[in-house]
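Q: Using the hints provided, position chains H and R relative to the given structure of chain G.
These protein sequence lines are chains G, H and R, in that order.
For the first sequence, numbering that gives the first Met the number 0 begins at 0 and goes up steadily by one.
For the second sequence, numbering that gives the first Met the number 0 begins at 0 and goes up steadily by one.
For the third sequence, numbering that gives the first Met the number 0 begins at 0 and goes up steadily by one.
If you are wondering where the hints come from, they were derived from the structure by calculation, not from laboratory data.
Keep in mind that this is a model prediction, so the values were computed, not measured.
Treat the hints loosely; a few may be bogus.
[What the hints assert, rightly or not] Residues on chain H that point at chain G, a partial pick, calculated with CB under 8 Å:
hint	residue
1	Thr4
2	Leu8
3	Ala111
4	Tyr116
5	Leu127
6	Val136
7	Ser138
8	Gln210
9	Thr212
10	Asn252
11	Ala255
12	Val256
13	His263
[Claimed, not checked] From chain G, some residues computed to sit far from chain H (all C-beta separations above 10 Å):
hint	residue
14	Pro297
15	Phe313
16	Lys321
17	Gln328
18	Gln353
19	Ser365
20	Ser383
21	Asp388
22	Val391
23	Lys408
24	Ala413
[Unchecked claim] So the derived label-pair ranges between C-beta atoms look like this:
hint	chain 1	residue 1	chain 2	residue 2	range
25	R	Gly185	G	Glu224	55 to 63 Å
26	H	Asn174	G	Glu224	50 to 58 Å
27	G	Ser141	R	Asn82	17 to 25 Å
Glycine included, every Cβ here is placed at the ideal spot set by N, Cα and C.
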Amino acid sequence: MKIRTKPGGVLGIVAMASIVALSLSGCTRGGSGQGGGSGASPGITDTSITLGITTPLSGATAGPGTCTVAGVSAYFGAVNAAGGVKFGDGKTRTVTIKSYDDAYDPQKSLANFQQMVSDNVFAATAGLGTPTNRAYRDAAISEKFPQVLVMTGDPLFSDQKQSPWQLGFVPIYQNEGAAFGKLLAASKDQHKVALLSQNDDYGKGYVSGFKEAIKDASNISVVGEQTYEATDTSVDAQLTQLASSGADVFFNAMSVTPLTIAALQKAQQIGWKPSWFLPSNTSSPTAILEPGGAAAYPGIYSVSFAKAPQSPAFAKDPDVVKFLSELKQYGNYPDMPAFPHCMWSYMVGATLEQAFKNMTSPTRDSFMTALRNIKGLQAPLMLSGTSIDTTVDGQPAVSSVIVQKYNGKGYATAENFG
Amino acid sequence: MGMGTFIQLVVDGLSTGAIYAALALAIVLVNQATGLINFAQGGLAVLSSYIAYVFVRLGLPLILAIIVAVVLSFFIGALVERFLVRRFERGDPDTAVVVTVGLLTLVTGLCAVLWGYNNLGFPSLFPLTSVEILGAVVSVRSLATTVTIVVIMVVLQLLFLRTKLGLALRAVADNPASAAFSGLPVGRLLMVGWGLAATLGAIAGVLVAPQLTLTPGMLDTALVYALAAVILGGLSSPIGCVVAASAIGVLENLVAVYVPFIGHDLKIAVPFVLIFVILVLRPQGLFGRKVVVRV
Amino acid sequence: MSTVSPVLRNRSARIALTVVVAIALIAAPLLLPAFANQTLVRIGVYAVAVLGLNIVMGYTGQVNLGQIFFVGLGAYVTAYGVNHGWNIIVVFVAACAIAGIVGLLVALAAARLGGLAIAMVTIALPIVGVPLAKRLSEFTGGSQGISARFSDAPDWSGLYSDQWQFYIVLLVTAAAFLLARSLVQGKYGRAFGVVRENEAVAASMGVSPYRTKVLAFTIASILGGASGFLYLAAVQYTSPETLSFGHSISLLAAMVIGGAGSIAGSLIGGAYYVFVPQLTNAIDPSFTTLSQGAILLVVLFLLPEGLVSLPRVIRRLGRRRTARPTSGNPPQTAPAHHPVPEAAREGLENTERQDRP
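Looking at chain G on its own, in the form it has when it is part of the complex (with noise of 0.2 Å):
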């Protein structure tokens, strides 16, 4: 599996290298400046425009990561293959996506930034990551540079006030867990809620989201609270610790996929089967459920808005089946997605180009313009119910999700809970 988004890369830091001789040159300030005001921002000409993601390609995150790029990569590629997208000036571009490895370390995402700055790229988008993406916000809010639809759930990224070039794409954390919590909240009975988080913004936003759902209803009481590191190899002891607190639901903010499996597996084995929570990026039916024996328990549920792949229902829906054929002919990723993050990549991919079709100027403002008046797009592999809205200040493009109860084989829509 590989993505290869920017041949002849040697060349140019071969460039870069002999920068000092250029600049003795002459030419050093100017073209990497803000675009100033009239003519056409940096990144963008009359038959192109170059986007640019920067995302762990590689460390413990590079597995999500690698689908940021190949989802974006793998919708635009198509729509470039069909001639480009028609913008809203009249003039029909091609997209160039620059892929640039971050390893999870902010420093490095500020230093690809600087990089896409000088590299002439109209926007950054679809980065992975809290950290990495915070460590450039700060700079591209000054060079006025969007960095929009970014995959963090970070509500910072949604506040139109503090990020005015930021828009962040899935869904905050909160809503997620709020959306469980909601549906618990609604049972007629009573429920003892056992709580694992990963120890990051990630873990809490769940939480946080989640506690507050329940914080008026009398039938669920929070029996059991522990955290792990996104770092460990086993959280047993966390579950024998949670197992004794007997209770009945167990909400599970866990991303990392081999850990949720010894997850499933471990309580089954102890003796504890409770329903479980599992958030949208640990819960793919073949990848997690069922190597973890999940059938065992009496509900997983997972909140959803992108149509799962390896889900039977969806093996023939045209969404998928497109979508699959594009990622392997255009994202270089030959497998079956392991994480959702190459569908909510591709879902960045459609709600670009919508933006793209509607933005009057060749400029960032007129991009951002565009990209904040988007409602009720229905992207490709959306599920039905959700929808793209980047009106509303405070939330991301997605914001709605749909609880899932898991049936054996992929997941249903959950009206209740039991």
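A: Coordinates of chains H and R only, in the frame set by chain G:
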């Protein structure tokens, strides 16, 4: 929380400790044979596991695929020593350690290029069914893993203390110049040492791969714990490092659960504080003879 | 230092060279494009961190796997100070001092132990540091990290921010390197070298190995704190990921690649730390791990003493080529770590550690 939970936590800790122990044994072996701390040990073990995975996918029975991978690993280890590490063995030890870091990076990158970063399911030799011991539930898989590791540990201990090969390996590590002077085939022995360590790493890799799932960075965290176990147990003692790894696993669990102030986030500090205290009291480690300082 | 090249022996020529370098450094940011300045700024950040590591490890021989912890600590102190409106000089002093004090405390305990024990204690610093940084979210902003901006160019300067940052980093980096250079050339440098080679000999010479090790470790930590201050000047943000163990190992690799026990090597190491990810990104962003490993191994294979030894090796090769017809020496097959003595001391490396006979 009652006694049952306590025992379960201990048992859980032992099976987590077994993962660290598996890798720690390989590190001890290389250190005994070459005097180096090998950061690439985990990376090579992951490579071996991928090799086994490839043979499973080609249709070989699991046990056969593992044997093939283990044998191949011996040659990989030996070749790495001969053509990469040899150049640095007599040089600055810092450089040699950084070479193993480079090797780790290279091997991890190679695995990523060949097999991607997605988690690949690796079949287990042992069933996932569980048995009850003293009221605690333990999976047959972890039990078998632990037993295998104990067996390896005993074999290694015997190898070092009771065989000519072991003696020769240690002599070379201690003082290559005088070993050569007394007629030992130093180069050959170094290759054998690395080969054996890679073999052991391969076994460790395929033992833990079913639980951790195959990714290029599968053993990154385990490596840190394994290093801690090696130092704690004394670099020269296979038994020591297995005991230390188990102690780390158990202690972490108990402290995280029963000392809420530390909790699951800071439990990783426990083994290090413990090491520190023990080393102040007993600088050669719990079971070590003397520390061969080459890092 | 018997064969210092003639140009450098000439005092006025050396002063002239220094002046030219200084003018070039001061003029560079005004001429260079923004990205070049930003890259140079990051090189300065990591050069100071590698310099600290070199003092304790390259010169004094004490393994330190936790240098990144002090960088992170310095960055957090800086962020805290800036966000609480401290004077920037106070912030800088605090970043260095707090890192130095923590380093001193760690060293007081760890320096009693042998080499591997120090390795273990220092390995623990980043590993415990990451969850600790998350726990102390009041000070650190938790896992979301903390932003602090003090390095944007003020209006009166008429400079771009990248130029302003360049001057901040240049000031601190140059001071750090000059101080370190005079340190290792003086009596402490000799003490470091003796302790590195043989602690018993050191003791017999009246040099306390314990005190020397504590001193080296503390200086390394102070330089780590200074590097953290610069990190925040350059990145304006820090988070627990900043101090992860993997970066500490990368710093170690950078030190050895640049040249252990060499002041100039530290600068090269900083450049390596920054350039190689950019280079591997340009080769192919999906293969960065593979290419980084390959580059590291190739460089060390060709230059086991680091990039700083390149001129020396080239000279030696040249000399050997001319000498071959007369001397019947077989080409070296065994890895010769200790360089041929005549080639060891020459050129600019008068700051090389002085441990070799």
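Q: Indicate, hint by hint, whether the structure satisfies it.
A: For each hint, the structure was consulted:
1. For H/Thr4, the interface hint holds, the least distance from its beta-carbon to any beta-carbon of chain G being 5 Å, beneath 8 Å.
2. Taken as an interface hint, H/Leu8 checks out: its beta carbon lies about 6 Å from the nearest beta carbon of chain G, inside 8 Å.
3. Annotation: interface hint on H/Ala111 holds; nearest CB of chain G at approximately 7 Å, less than 8 Å.
4. Taking 8 Å as the C-beta cut-off, the interface hint given for H/Tyr116 holds, the closest approach to chain G being about 4 Å.
5. A distance limit of 8 Å between C-beta atoms decides the matter here; for H/Leu127 the minimum to chain G is near 6 Å, and the interface restraint holds.
6. With a least beta-carbon distance of about 5 Å to chain G, the hint placing H/Val136 at the interface is held under the 8 Å criterion.
7. A cut of 8 Å between beta carbons decides the hint on H/Ser138: the least distance to chain G is about 6 Å, and the hint holds.
8. Using the Cβ-Cβ criterion of 8 Å, the hint placing H/Gln210 at the interface with chain G is satisfied: the shortest such distance is roughly 6 Å.
9. Taken as an interface hint, H/Thr212 checks out: its beta carbon lies about 4 Å from the nearest beta carbon of chain G, inside 8 Å.
10. At a threshold of 8 Å, the smallest CB-CB gap from H/Asn252 to chain G is about 4 Å, leaving the interface hint in force.
11. With 8 Å as the threshold, the beta carbon of H/Ala255 comes within range of chain G, its nearest partner Cβ sitting at about 6 Å, so the hint holds.
12. At a threshold of 8 Å, the smallest CB-CB gap from H/Val256 to chain G is about 5 Å, leaving the interface hint in force.
13. Here the hint on H/His263 is kept, as its CB sits about 5 Å from the closest CB of chain G, short of 8 Å.
14. No beta-carbon of chain H comes within 10 Å of the beta-carbon of G/Pro297; the shortest separation is about 20 Å.
15. At roughly 20 Å from the closest C-beta of chain H, the C-beta of G/Phe313 stays outside 10 Å, upholding its exclusion from the interface.
16. Here G/Lys321 stays apart from chain H, with its beta-carbon at least about 22 Å from theirs, past the 10 Å limit.
17. With a minimum CB-CB distance of about 17 Å to chain H, G/Gln328 clears the 10 Å threshold, and the non-interface call stands.
18. The Cβ of G/Gln353 lies farther than 10 Å from every Cβ of chain H, with a closest approach of about 30 Å, so its non-interface assignment holds.
19. Every C-beta of chain H lies more than 10 Å from that of G/Ser365, the closest at about 37 Å, which supports listing it as non-interface.
20. Listed as outside the interface, G/Ser383 is consistent with that label: its C-beta sits roughly 29 Å from the nearest C-beta of chain H, beyond the 10 Å cut-off.
21. Even its closest Cβ contact with chain H, about 32 Å, leaves G/Asp388 beyond 10 Å, as expected for a residue assigned away from the interface.
22. Once the 10 Å rule is applied to beta carbons, G/Val391 is consistent with being away from chain H; the minimum gap is 34 Å.
23. Even its closest Cβ contact with chain H, about 18 Å, leaves G/Lys408 beyond 10 Å, as expected for a residue assigned away from the interface.
24. Remark: the non-interface label on G/Ala413 is consistent with the geometry, its nearest Cβ contact in chain H lying 26 Å away (cut-off 10 Å).
25. Between R/Gly185 and G/Glu224 the C-beta distance comes to about 57 Å, which sits within the given range of 55 to 63 Å.
26. Distance hint for H/Asn174 and G/Glu224: a CB-CB separation of about 56 Å, consistent with the stated range 50 to 58 Å.
27. Between G/Ser141 and R/Asn82, the C-beta spacing of about 18 Å keeps the proposed range 17 to 25 Å intact.
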